[in-house]
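As a plain string of letters, each chain reads:
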Amino acid sequence: MTGGVRVFIVDDHHLFRAGVRSELEDSVEIVGDASEVDAAIEMIREREPDVVLLDVHIPGGGGRTVLESVASTHPDIRFLALSVSDSPEDVIAIVRAGARGYVTKTVETEDLVAAIESVAGGDAVFSPRLAGFVLDAFADTLPVGSDHEFDQLSPREKEVLRLIALGHTYKETALRLDIAAKTVERHVSSVLRKLQLSNRHELARWAADHRIV
Amino acid sequence: MTTAANTEDQQGFPAIDATLLRIAVVFRVVGAGWLILLAILTLATEPSQIDAGVRSGLVLSAIGIAVVWTAVTVVLMYRRPTVLQHVAFLAVDVALAVWTALTPSLTQSVSFFAGGFPISSPLLIATTRGMVATLLPAMLVAGSSVFGLSRASARAVEVVAINLLAPIVVAWGFGTIREQDRQRRLAEEALALERTKVARADERAEMAAHLHDSVLQTLALIQRRAKENRGIVRVARRQERELRAWLNGGPPLSATNMLSGALIRAAEEVEDEHDVFIDLSTAGDTTLDDRTTGLILAAREAMKNAARFAGVEKFYVLAEVVDDGIRVVVRDQGAGFDPSGIPEDRRGIRDSITGRLDRLGGTASIRSSVGDGTEVELYVGAPT
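As given, the protein sequences belong to chains Z and Y, one line each in that order. Mapping the first sequence onto our numbering, position 149 (from 1) lands on 149, and the numbers just tick up by one. Mapping the second sequence onto our numbering, position 188 (from 1) lands on 1188, and the numbers just tick up by one.
Note that these hints are calculated values from the structure, not bench results. Treat the hints with caution; some may be incorrect.
Stated by the list, open to error - EDC-like mimics (lysine to aspartate or glutamate), calculated; alpha carbons at most 20 Å apart, straight line:
no., chain 1, residue 1, chain 2, residue 2
1, Z, LYS158, Y, ASP1279
2, Z, LYS171, Y, GLU1375
3, Y, LYS1304, Y, GLU1377
4, Z, LYS158, Y, ASP1324
5, Z, LYS171, Y, ASP1372
6, Y, LYS1314, Z, GLU48
7, Z, LYS158, Y, ASP1285
8, Z, LYS182, Z, GLU159
9, Z, LYS158, Z, GLU185
10, Y, LYS1304, Y, ASP1275
11, Y, LYS1314, Z, GLU110
12, Z, LYS158, Y, GLU1377
13, Y, LYS1314, Z, GLU185
14, Y, LYS1314, Z, ASP111
Work the whole structure out from these sequences, hints included.
So this is what it looks like as structure tokens:
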């Protein structure tokens, strides 16, 4: 319980919050939870957790508001997005806003714990689904000459994302590509940065094309 | 009952027509009264130019027609207004009007005692049947009214002018009123329809938000907490999928004329049939053609294979549109097998995948080893 990663849960669904809490209690230290944007911001600033488990959809502005407000005062607090939505638009939006990763709410407990620990350690957590979304978001080839360094994934980064989308762990990915696990993490972080910094027109259009609930 | 009958009568009979019809009928009542007064006055004051009995008969016939037919018109207006527009009714109406208009000439009376009754017939037609239909009856009534009058008389000109012009002007005026009313009703209907649409969209958005916040969360929770009960998980997943499809409403994510939509559909079929979960990602998209459809069928075989033989609850599919074609990879972390010694029962399935790809001019490669899962990679090139 103590000495573990300090986690704060933001989710407006009471049963889900309670469920996740009881599942995680043995592995991490839960320092609090909140169901509303304003309360969440206040409590996170006060308790300074290592990782915030953040539901993408919460009333009163959504997870993104929580993330942006907290990041402006406490840049060290890391966010792991959690969503029932599977909506590429929402997921990409929250990652662009600064979340270090994304998992669906149906994730297995052990995978969730692993994801929390990775995020706490400064790594990015790409679920297979997020890897797929990102590949899709960068799928269109840009016209020659308009390339910005953030607007295109390198062939190696695409390779890494492909393997993750197919369910490989970072370790398996490293083995498959015959590179170090740390290198895989570096690639994933680089993809995350590109996703956050890219202003590519296509990314906005892509999100609009995929506008679903 | 009466109300119901009335409503039925009014069907397809706009309120504006009823109003205009009423105006024409009121004019007929006034015209009939006018005829009766003049006819009685004529009988009482004018000396008879013909046989007195014949004259009385002819004058009384005009009075009788005016009374009875006006009564019929009034009753029909209340009970069966559509009859007043019927050709047969109007034919009889014109015939009676012509007869009453002729009676002053036939009795060689000085006074035109038919009064306003004859002209009420073309006016009635003008009310509901428009200018063209009014023309002939107006001419007949005008002709009958001046029959026997000296051709050059100023009065003849006056009578013809009134009998022709009045119905035509009325027909034109009422036509304009009716057209404006029609336009107004169309505009109102369009507005009402638009309001309903907006209201429905709002309702749907609100409902979608609510379902998203509550039901989808609950379904996710059920899937987390009921891992040991496959049946419940399966039901929850199917409900989730159906709900999402409904929530998406508009242009569906899984448009089935696109590669992504057709693949999602295929994966859902395999999930339902074999009770597995497929984590499917698609990067890029393209419209379906023979080539992509063939590729999807092969991918479906590969998914079924994984579902049947890998012995896992979950596996992964990635479809990618790449520069020179489309690549689909199906990967499981299950039992695997030794590709050099494919069992007989699996050869057929494998052939159905590789055979299909061969025919499409694509490639299929299978990587597997015992205990280390299977990866099937399918590829077709872009059409040349």
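Discussion item. Between the alpha carbons of LYS1314 of chain Y and ASP111 of chain Z, is the straight-line distance 20 Å or under?
Written reply: 14 Å, holds
Fill in: Straight-line alpha-carbon gap LYS158 of chain Z to ASP1285 of chain Y, limit 20 Å
Holds - the C-alpha atoms of ASP1285 of chain Y and LYS158 of chain Z are around 17 Å apart, at most 20 Å.
Discussion item. Hinted pair, alpha-carbon criterion (20 Å max): LYS1304 of chain Y, GLU1377 of chain Y. Please report holds or violated.
Written reply: 14 Å, holds
Worksheet item: Can the restraint linking LYS1304 of chain Y and ASP1275 of chain Y be considered satisfied, given a maximum Cα separation of 20 Å?
Response: 11 Å, holds
Worksheet item: Is the Cα-Cα distance between LYS171 of chain Z and GLU1375 of chain Y 20 Å or less?
Response: 18 Å, holds
Worksheet item: Straight-line Cα separation of LYS158 of chain Z and GLU1377 of chain Y no greater than 20 Å?
Response: 16 Å, holds
Worksheet item: Within 20 Å, alpha carbon to alpha carbon, are LYS1314 of chain Y and GLU110 of chain Z?
Response: Distance of about 16 Å is within 20 Å: holds.
Discussion item. Between the alpha carbons of LYS1314 of chain Y and GLU48 of chain Z, is the straight-line distance 20 Å or under?
Written reply: Distance ~37 Å between LYS1314 of chain Y and GLU48 of chain Z Cα, so the pair is violated.
Worksheet item: LYS158 of chain Z and GLU185 of chain Z: Cα distance at most 20 Å?
Response: Measuring from Cα to Cα gives roughly 13 Å; hence the hint holds.
Worksheet item: Can the restraint linking LYS182 of chain Z and GLU159 of chain Z be considered satisfied, given a maximum Cα separation of 20 Å?
Response: 15 Å, holds
Worksheet item: Is the hinted pair LYS1314 of chain Y and GLU185 of chain Z satisfied, with a Cα-Cα distance of at most 20 Å?
Response: Cα-Cα ~25 Å, so violated.
Practice prompt. Given the hint that LYS158 of chain Z pairs with ASP1324 of chain Y, test it: the Cα-Cα distance must not exceed 20 Å.
Written response: 16 Å, holds
Hints 6, 13, counting from the list given before, are not met by this structure.
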